[in-house]
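Enquirer: Sequence:
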Amino acid sequence: MIKIAIADDNSFLIKTAQEKLSFFDLAVKLIAVDGKDLIDKLEINHNIDLILMDIEMPEMNGIEATNFIKNKYPHIKILMLTVFDNDENIFNAIKAGADGYLLKEINPKDLHQGILETLNGGAAMHPSIAFKTLKLLRNPQDFENRECQEEIKLSTREIEVLEQLSKGLNYNTIADNLILSPSTVRKHIENIYAKLQVHNKLEAVQKAKSNNLI
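In the numbering used here, each residue's number is its place in the sequence shown (first place is 1) plus 957.
One thing to keep in mind: the hints can contain errors.
Claimed, not checked - Simulated crosslink set (BS3-like; lysine-lysine; CA at most 27 Å straight-line): (1) Lys1152 - Lys1110; (2) Lys1158 - Lys1144; (3) Lys1052 - Lys1092.
What the hints contain is simulated information worked out from the structure, not anything from laboratory work.
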């Protein structure tokens, strides 16, 4: 009999998953409410074939737990079972070592088929997830650039200063153009360097342009 673990912080969704699995020759041997709880329970008994892993959980989320478990118990297959199908979660789950990615709306038959497929060395994926995964694999740089853009938050004034910097203007000229004191301009530039994680004007301008900030 196939031994299953379920990790989810929603008791109703755990029950729903159990009901779907009850139609087949599967045994739910372990239930955890978050990633940390799952890891603690696997320390006691890691004789598990496959984990149905939620993503958004307290203490430790499903992606962090997947990364840890795949390193410590590589024999355990992990199927992400979640309501979240955004690019970031898919990308990070695959990087963490997930063996498949299904959505919680899945019917019992398809869930069972996905489990069997994963245990046989396949990669069970909801069709929309498979399509997004192909896009991510074809253009990983696009995703990484977009991720970087989302992290960089510059104020309107900082962008104005950057635009002036990109024209090769000095601090005093920028101060005059923006009706600021030179010391205020200098402070803005220090903040810009820190946010962009750069060390000079050339790097700042190049990174701002590559992230479509100016």
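Enquirer: Confirm or reject each hint.
Expert: Each hint, compared with the structure:
The suggested pairing of Lys1152 with Lys1110 holds, with an alpha-carbon distance near 7 Å, which does not exceed 27 Å. Straight-line distance between C-alpha atoms of Lys1158 and Lys1144 comes to about 14 Å, which keeps the hinted pair within the 27 Å bound. Under the criterion of a C-alpha separation no larger than 27 Å, the hint pairing Lys1052 with Lys1092 is consistent with the structure, at around 15 Å.
Of the numbered hints given earlier, the model fails none.
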